[in-house]
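Student: Spelled out, the chains give:
Protein chains: 2
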Amino acid sequence: MKLLEDKIRTDGVAVNENILKVDSFINHQVDPSLMLAIGEEFAAHFKNHGITKVATIESSGIAPALTCAMTLGVPMIILKKQPSKTLNSDLYQTIVTSYTKGTSYELTLSSKYISSDDHVLIIDDFLANGEAATGALRLIRKAHATIAGIGIVIEKSFQPGREKLISQGIEVFSLARIKKLDVGTIEFMDEE
Amino acid sequence: MKLLEDKIRTDGVAVNENILKVDSFINHQVDPSLMLAIGEEFAAHFKNHGITKVATIESSGIAPALTCAMTLGVPMIILKKQPSKTLNSDLYQTIVTSYTKGTSYELTLSSKYISSDDHVLIIDDFLANGEAATGALRLIRKAHATIAGIGIVIEKSFQPGREKLISQGIEVFSLARIKKLDVGTIEFMDEE
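Those sequence lines, one after another, are chains W and U. Note that our numbering has the first sequence beginning at 1, numbered continuously upward. Note that our numbering has the second sequence beginning at 1, numbered continuously upward.
Treat the hints as calculated values from the structure; they're not laboratory data.
When chains are identical, the list treats them as one kind, so a pair holds in a single copy or across two.
Think about it this way: if two alpha-carbon atoms lie no more than 25 Å apart in a straight line, the pair counts; the simulated DSS-like pairs of lysine-lysine are: (1) Lys112 x Lys7; (2) Lys7 x Lys21; (3) Lys112 x Lys21; (4) Lys142 x Lys112; (5) Lys21 x Lys142; (6) Lys112 x Lys81; (7) Lys142 x Lys81; (8) Lys179 x Lys164; (9) Lys180 x Lys164; (10) Lys21 x Lys180; (11) Lys180 x Lys2.
Let the sequences and hints guide you as you build the complete structure.
Tutor: Written out as structure tokens, the structure is:
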């Protein structure tokens, strides 16, 4: 997605070989018009896939997932990082280990909002090692729902996330694929 | 906001005198068309207030804040509940105690995304005791930015949040004001 790649080139900061900061328009400060364009791009790609729900992981996937769900005209479900007191006890649960934060957390989804009739598109902001996406897949499969694919805003293609997901037969559609990072350098994969 | 009140009447669940579950359309499963209408309602109310940024607290405020920011055509900033490794060390920080969860957390905002030139609208999903909103006010004031007001999706008017905020001279605009909850009963304040 050219608009996104251009924005990453101008406003993204490659801190080192692994870390790309996009805090100024994706994660911390959010550019709403870019988010709408991102959601529309996901929706255009997956529009004939019979999607019934868009799922994301709280919290930085919420913005692109919402604009995608809005465009597709289906509900969004937010996979929660910890059980809340006010949620029903009838939850699907799985443990996810985050490489970036060096911590583990529980990912939960109420069984009320997913069923075996659902065909789910997962949207997330980043794909690196694929732990969060794999956790989301596990939760959705526990509900016997089917997976339409995974839409990623920014993929670090030099990390193994995409391979892990593809090896499970999952379609991964990434709007920006980063081939290489280094201080002051952001290199994208050639367009496919 | 009649559309929202109707939705709360049909799909909200009053668990007891304090807890209203709106998991099926606000918090866990999200209705994107309702969220767009909510954002537009906030934007219509605050459109002549000279707002430069919409701020929210991760994570359930993100959806209504995004649709509001999108409609106003200004950036959204997400106040983060914990510092992330990949954020800059130059942060405004404050401690918030959550009554609902019985825990404290640190709310953070990078100084890069706010300045004394900003006039900020704060959006959140719920207002009850006002701890989160007060924490957000503290952070934004640390940056010497000014506050345009606070937009709330659902206010529990029988709890002290609104009074705490109004007593500081802050305008509180709530789309649904709950006067009383009880098992099976949801009573709204009379329209103002």
